[in-house]
Amino acid sequence: MNSAGGYGGHRASRLLGVACMLVSALALGVRTARADSPGPPASNGPALFSPQEVSFRFAYGITKHESLRFYTFGPRVAYDLPDFVPALAGNRFRIGIEATGSIIEGDERSHEGEFALSPLIFDYRYDTGGRLVPFVEGGEGIVLTTLQDLSIGGPFEFSSQVGTGVHVMLSAEDAVTIAFRMRHMSNGGLSHDNRGLNTYFIHVGFSRFPGRK
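The numbers in this note's numbering rise by one with no breaks, and the one at position 4 of the sequence shown is 4.
Simulated from the structure, these hints should not be mistaken for laboratory data. Don't take every hint at face value.
Estimated spans, in silico, between C-beta atoms of each pair [as the list claims (entries may be wrong)]:
#1 LEU144 to PHE93: 40 to 46 angstroms
#2 ASP174 to THR146: 33 to 39 angstroms
#3 LEU132 to SER191: 42 to 48 angstroms
#4 LYS213 to VAL85: 17 to 23 angstroms
Ideal placement from N, C-alpha and C gives every residue a C-beta, glycine not left out.
Turn these sequences into a full structure, and let the hints steer you where they fit.
Below is the structure:
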């Protein structure tokens, strides 16, 4: 195996390992919280069906290469990290899971598309109970794309993204979300063509925060 392929394989293994550890830690934290909480016994329903955030976002993205334009949409859920992860300024860190599809256009190419899954989006929001809730987020994911001839190596890509934005609360639990995000996409060394592609997105979405006070 060449060094590029080894690097890509190690990165994929690390991504899968971290995801498994975080899911296990999240499940352990939820069970511990339920065991310690007073009152009537908690439901035995899966914690995956009780997120602290549920949203649907639309995004418009641009790149410098070939003036590509991305029209992106998809759902997102987020969960508080377990209690052993300390809060910051009274607010818990969260891990978000996103699944998005994109229609891609360019000045000199026909319609292309992609599907992205980002299971490791870490999120921190500064929520004081007011109408504006700023946040930062970032993490890792994978992308399947039909884009070619961009020196990105093939249809399977890794993605790294970071962004910031604000939730504009319409009620105690419902909000309009506005965000900016930068994403770098590359094949992680799985082939020699690995220049990568940077895309800059503007997000607008509708979010719900069950149980927010």
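Legend entry - Violations among the numbered hints: Number 1 - this is the single hint that the structure violates.
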